[in-house]
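Asks: Using the hints provided, position chain B relative to the given structure of chain A.
Number of protein chains: 2
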Amino acid sequence: MGRKFVIVGLGLIGGSMALALKGFEDYEIIGVARRQATVDYANSHGVGDKATLDLASILPEADVTMLCMDPDGIVAFLKEHRDHFKPGSLVTDVCGVKTAIMKGAEVLPEGVDFIGCHPMAGTEFSGVEHAFLEMFQGSHLILTPRKDSTREHVALMEALAEHIGCRDVVKTTPERHDQILAYTSQMMHVIAVSVCDDPELFACKGYEGSSFRGCTRVAALDAKLWTQLFSLNTPALTACLDELIGHLQSYREVIAAGDRQALLRKLTVSSDRKRQVDLPGPDLLN
Amino acid sequence: MGRKFVIVGLGLIGGSMALALKGFEDYEIIGVARRQATVDYANSHGVGDKATLDLASILPEADVTMLCMDPDGIVAFLKEHRDHFKPGSLVTDVCGVKTAIMKGAEVLPEGVDFIGCHPMAGTEFSGVEHAFLEMFQGSHLILTPRKDSTREHVALMEALAEHIGCRDVVKTTPERHDQILAYTSQMMHVIAVSVCDDPELFACKGYEGSSFRGCTRVAALDAKLWTQLFSLNTPALTACLDELIGHLQSYREVIAAGDRQALLRKLTVSSDRKRQVDLPGPDLLN
Numbered sequence: 001m002g003r004k005f006v007i008v009g010l011g012l013i014g015g016s017m018a019l020a021l022k023g024f025e026d027y028e029i030i031g032v033a034r035r036q037a038t039v040d041y042a043n044s045h046g047v048g049d050k051a052t053l054d055l056a057s058i059l060p061e062a063d064v065t066m067l068c069m070d071p072d073g074i075v076a077f078l079k080e081h082r083d084h085f086k087p088g089s090l091v092t093d094v095c096g097v098k099t100a101i102m103k104g105a106e107v108l109p110e111g112v113d114f115i116g117c118h119p120m121a122g123t124e125f126s127g128v129e130h131a132f133l134e135m136f137q138g139s140h141l142i143l144t145p146r147k148d149s150t151r152e153h154v155a156l157m158e159a160l161a162e163h164i165g166c167r168d169v170v171k172t173t174p175e176r177h178d179q180i181l182a183y184t185s186q187m188m189h190v191i192a193v194s195v196c197d198d199p200e201l202f203a204c205k206g207y208e209g210s211s212f213r214g215c216t217r218v219a220a221l222d223a224k225l226w227t228q229l230f231s232l233n234t235p236a237l238t239a240c241l242d243e244l245i246g247h248l249q250s251y252r253e254v255i256a257a258g259d260r261q262a263l264l265r266k267l268t269v270s271s272d273r274k275r276q277v278d279l280p281g282p283d284l285l286n
Numbered sequence: 001m002g003r004k005f006v007i008v009g010l011g012l013i014g015g016s017m018a019l020a021l022k023g024f025e026d027y028e029i030i031g032v033a034r035r036q037a038t039v040d041y042a043n044s045h046g047v048g049d050k051a052t053l054d055l056a057s058i059l060p061e062a063d064v065t066m067l068c069m070d071p072d073g074i075v076a077f078l079k080e081h082r083d084h085f086k087p088g089s090l091v092t093d094v095c096g097v098k099t100a101i102m103k104g105a106e107v108l109p110e111g112v113d114f115i116g117c118h119p120m121a122g123t124e125f126s127g128v129e130h131a132f133l134e135m136f137q138g139s140h141l142i143l144t145p146r147k148d149s150t151r152e153h154v155a156l157m158e159a160l161a162e163h164i165g166c167r168d169v170v171k172t173t174p175e176r177h178d179q180i181l182a183y184t185s186q187m188m189h190v191i192a193v194s195v196c197d198d199p200e201l202f203a204c205k206g207y208e209g210s211s212f213r214g215c216t217r218v219a220a221l222d223a224k225l226w227t228q229l230f231s232l233n234t235p236a237l238t239a240c241l242d243e244l245i246g247h248l249q250s251y252r253e254v255i256a257a258g259d260r261q262a263l264l265r266k267l268t269v270s271s272d273r274k275r276q277v278d279l280p281g282p283d284l285l286n
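If you read the protein sequences in the order shown, they are chains A and B. Every letter in the first sequence is one number past the one before it in this note's numbering, and letter 271, counting from 1, is 271. Every letter in the second sequence is one number past the one before it in this note's numbering, and letter 70, counting from 1, is 70.
Bound-form chain A, shown alone (with noise of 0.2 Å):
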């Protein structure tokens, strides 16, 4: 008999998973969510090998369990939960912090491996509905293992990671994860929304192109969800928001200024930088 991998919640990320982990080698994986209609969806469509609302008799056999819901759930999940986890067994995350995740693991009994990860992948909508096999095709996925996570579990977090189609794995710190992603996602999260809160968004139909499309894509996002992400690291992202409207301030001075030489020197200097770290944006043709 196969191994079980439970995932629980079966969100836009959970659900993803399902769908992209089926036939990671002998696991069967089962999908936990709350509402009967989730995992009517889900066993009527495919996302993982099955679902079910019965956590209680499932948790206890998990080999591994993926907590995909949000950050304050997943604290609440394992402080409920810390005694129902199959000793020896391997517990991870997909959430977008990973400090407050990680503290949040250390009521876990000894023997009950925890290892962060985040998958930098997703959508700005929600729910199983919009889950998707290809998710994760060509995302890193962050790894945060505790000192003493096992090897064999560490290994099978990079399995995982190929099997649903990741460019790479890396593995770093809770607080450097925090730090940096304050700039790479909850950053561009707030500069989505704040672009949406000009007077001039309704009337800009007509008159917007593939930059702003691109900006403020993730302006729709899951409120609830976000309020958290922001919350759970508020110095590193207020520090990052400092710099960012420090870089505006300038460039909205020597604009203003109407020196064209210093503008020039301004946007030679920003240009190049973004040549040099040579990010490919998402392709336009498409």
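Hints listed in this document are in silico derivations from the structure and should not be mistaken for laboratory results. Please read these numbers as outputs of a predicted model, since none were measured by experiment. The beta-carbon is built from N, C-alpha and C at its ideal position, and this holds for glycine as well. Be aware that one or more of the hints could be misleading.
Claimed, not checked - Which stretches of chain B does chain A cover? Using the computed rule of at least three CB atoms under 8 Å from a CB of chain A, they are:
| # | stretch |
| --- | --- |
| 1 | 115-125 |
| 2 | 185-198 |
| 3 | 202-211 |
| 4 | 253-263 |
Replies: Chain B alone, transformed into the frame defined by chain A:
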């Protein structure tokens, strides 16, 4: 014998236009460049029906002349060649500011029409070698006709938009164009370069997802071109930046204050605005 459609400037946009316009009505699509290498590339890659260095011979024969240089170049060209355009012909452009261009076009003699044109398309690259046929597929085409532009010339530009695959044609005044484009386009570029000025830029590889790549894509801009575009639209752009900085500051304050309820309310309002305006982002599956 067919009519002549002359494209002056075979860069990214002019080159793509020359590719996309082939077969448009009975026009022969003739590209004019300043460098032999550009002419050779265009002739060997089918960029237009033919390309030439010989502006002096071709300009007086052009039924339509489309100016695809940077804004300063367009204004200088109109002044220098005001008496070389064919009487009764149409002159147009593809530039991202319109007030300065329409003012520059006031030098044209009576009987030479001018319609400002801005196809809302582009990439972060420059030069004819990055031109491609599908550039304008699904884009808006913005027109700023003069008060005395002929009905036939406006209809011609609308037929052109359809031929190159634009989604729709939007007609407006140069002033309104510049005001709204400060928001939808120029500000997106200031955001992108400002994000890239962050000291963390080079540390972020491996930690970036589609929101970061989408927001910063256009930072690899043509510094000379965007210096001109920003400088020719200073009041509108600085007003937009002040608005943005205010909204960012407001998010920064509520995040720093740790008031989750206030943050949730704010994110709910912004994300609802974004869902309401309903501008789909680039397809992430490709």
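Asks: Take the hints in turn and mark each one as holding or not.
Replies: For each hint, the structure was consulted:
Check result for the stretch 115-125 of chain B against chain A: holds, 5 residues qualifying (beta carbon to beta carbon below 8 Å, three or more required). Coverage of the stretch 185-198 of chain B by chain A holds [criterion: at least 3 residues with CB-CB distance below 8 Å; count 13]. Given as covered by chain A, the stretch 202-211 of chain B passes the check, having 10 residues with a CB less than 8 Å from a CB of that chain where 3 are the minimum. Beta-carbon proximity to chain A at under 8 Å applies to 5 residues in the stretch 253-263 of chain B; the threshold of 3 is reached and the given coverage holds.
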